[in-house]
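From first to last, the protein sequence lines stand for chains A and B. Using the working numbering, the first residue of the first sequence is number 20, and each one after it goes up by one. Using the working numbering, the first residue of the second sequence is number 184, and each one after it goes up by one.
Hint data in this document are derived by calculation from the structure and do not stem from the laboratory. Bear in mind the structure is a predicted one, so any value in this text is a computation, not a measurement. Glycine included, each C-beta is placed from N, C-alpha and C at the ideal position. It is possible that part of the hints are untrue.
[Claimed, not checked] One side only, chain A facing chain B, incomplete, derived with CB under 8 Å:
no.	residue
1	R35
2	E40
3	L60
4	S94
5	F106
6	I113
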Amino acid sequence: MSVTIRDVEYVAKLARLEFTEEQKQKFTEDLNGILNYVEMLNEVDTENVEISIGAYRVENALRDDVVKDSFDRDSLLKNAPDSQDGFVKVPKVIE
Amino acid sequence: MHTKTLHEIRELINKGEVSCVELTKNTLERISSVDDKIGAYLQIDEEGALNKAKEVDEKIRRGEEVSFLAGIPMAIKDNICVEGLKTTCASKILENFVSPYDAHVTKRLKQNDAVILGKLNMDEFAMGSSSENSAFKKVRNPYDLERVPGGSSGGSAAAVAAGEAYYTLGSDTGGSIRQPASLCGVVGLKPTYGRISRYGLVAFASSLDQIGPFTKDVEDCAHVLEAIAGYDEMDSTSAKKEVEDYTRYLNQDIKGLKIGIPKECFGEGLNEDVRKEIENAIAVYRKLGAEIKEISLPMSKYALAVYYILASSEASSNLARFDGIRYGYRADEFEDVVDLYVKSRSKGFGDEVKRRIMLGTYALSAGYYDAYYKKALKVRTLIINEYKRAFEDVDVILTPTSPTVAFKIGEKSNNPLEMYLSDIYTVPINIAGVPAISIPAGFVGGLPVGMQLIGNYFDEGTLIKVGHAFERETEFSKVRPSI
Chain A
20 MSVTIRDVEY VAKLARLEFT EEQKQKFTED LNGILNYVEM LNEVDTENVE ISIGAYRVEN
80 ALRDDVVKDS FDRDSLLKNA PDSQDGFVKV PKVIE
Chain B
184 MHTKTLHEIR ELINKGEVSC VELTKNTLER ISSVDDKIGA YLQIDEEGAL NKAKEVDEKI
244 RRGEEVSFLA GIPMAIKDNI CVEGLKTTCA SKILENFVSP YDAHVTKRLK QNDAVILGKL
304 NMDEFAMGSS SENSAFKKVR NPYDLERVPG GSSGGSAAAV AAGEAYYTLG SDTGGSIRQP
364 ASLCGVVGLK PTYGRISRYG LVAFASSLDQ IGPFTKDVED CAHVLEAIAG YDEMDSTSAK
424 KEVEDYTRYL NQDIKGLKIG IPKECFGEGL NEDVRKEIEN AIAVYRKLGA EIKEISLPMS
484 KYALAVYYIL ASSEASSNLA RFDGIRYGYR ADEFEDVVDL YVKSRSKGFG DEVKRRIMLG
544 TYALSAGYYD AYYKKALKVR TLIINEYKRA FEDVDVILTP TSPTVAFKIG EKSNNPLEMY
604 LSDIYTVPIN IAGVPAISIP AGFVGGLPVG MQLIGNYFDE GTLIKVGHAF ERETEFSKVR
664 PSI
């Protein structure tokens, strides 16, 4: 498998990133380098091997359903790039 | 004063030879005299630190009992939240983010009356092995300012080595505590996955991330670990396991203890001089009566490949939250909401972060998911099984922490794969989720060498015991850089 500039453009779109032509070229080379290295995993026989999503098995971790104060709205909105009347302000998304 | 350990300082405070305010002022002066050269701090909270120190001095004056950490200056990696201070992750995208809450570890430190001096520099979003990826400034190695301190917790390691804090916290996803500890000649512990709550740690790869302490020696490490470990209902992956009294593992005999030496970690890629230092360390253990056993971990050579798939995949998902909407940087000009996401992320993230997001997005995309992500999860199982089997035969495993001593700034920054290889001995530990500690174990050309001790799940106590036994026999943890 080899990554092309076209793949980089497609993945960039999925990741919501944009690059200059020069950057696309560099990322294509970098990704190919890393993916070539990762190819070594194909040597490993994983037939009948289960996946591990984590190292340490935790059973369902549930908290008691108790009503608690959440964060103060104003303190959270201080970090918002744009806000108005207690809401985060965003560009218009519905015509 | 700044060359002393945490436990030495505790003794001085207890004897009344120094007040917490004097100590804090002294440390702040130390920072202002050396940090221009080191670059460890991104933010200093002088007022908060001095107020806390004054409060502890008053407690002591009233004859109240105080905790071991009370009144002693420390600092925190800038991806861990401290209420009211910035948490930038050394990224432009979070340059102005002020944390509205405390991480669980921060809460614990505050309960222990720790004096929090400020926030420490790092590779952007903890992605890197040299701390060159900080969007703000580079961190330099206190032993040689032309060299890197390691990464990603380079600021945390350098601050302890240079006496700019008595201990610090960092985070470790693939070696980000142990590798910089090794390169800066300090002790760094990555606990078992789940031993310390990750609540308030900005997520990089959630199944691998773990917070841990940097200290000057193993004794200090035991004290800090005890203060910050334990279950937290805000982190569903934190373990409901009792926290041990880690200090009871200090000053213990290790006769008959079995130490495994994986032959795979002493092959190609390991610098010859580093190998000699690690072999000397093994000889120290043999002299102390430990049983040295060669073992084999054949799956470990696949760990780095597994790591880069899993860590990047998880990162691409975790970092999707940085979209310029609710917090963080928002581009000034954009056409519509999608363009806002694209422009804010493209301008806000640095190259290494983008590289990992791209790799992770690629590995998770339709058609490649099975070949990369799922394959890596299966090999992860085999690596976990291999460690479990190894710990049926041995009590700890000993390896070098890093294949080389600190490298020159700029030496590896153009070749991502070569940079990634500096984590070859530390990465498998995060994949398996076991604990590991890096301890100063020698010098090559005046630069520190670290050895890594790996323990069984939740057996940090044995790491403290085995590490402390080495420390009592050798002088490496007592060396300080001349800066």
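Quick rundown of the hints versus the structure:
Given the 8 Å rule on beta carbons, the hint for A:R35 holds: about 4 Å separates it from the nearest Cβ of chain B. Annotation: A:E40 was flagged as interfacial toward chain B, and the flag is violated, the nearest CB pair being 14 Å apart, outside 8 Å. Checking A:L60 against chain B by beta carbon gives a least distance of about 5 Å; that is within 8 Å, so the hint holds. Interface restraint check: A:S94 against chain B, minimum CB-CB distance 5 Å, threshold 8 Å, status holds.
Restraint check, A:F106 versus chain B: the minimum CB separation of about 11 Å is more than 8 Å; hint violated. Of the supplied interface hints, the one on A:I113 is violated, with its beta-carbon coming no nearer than about 10 Å to a beta-carbon of chain B, more than 8 Å.
Comparing the model with each earlier hint shows violations of hints 2, 5 and 6; every other hint is respected.
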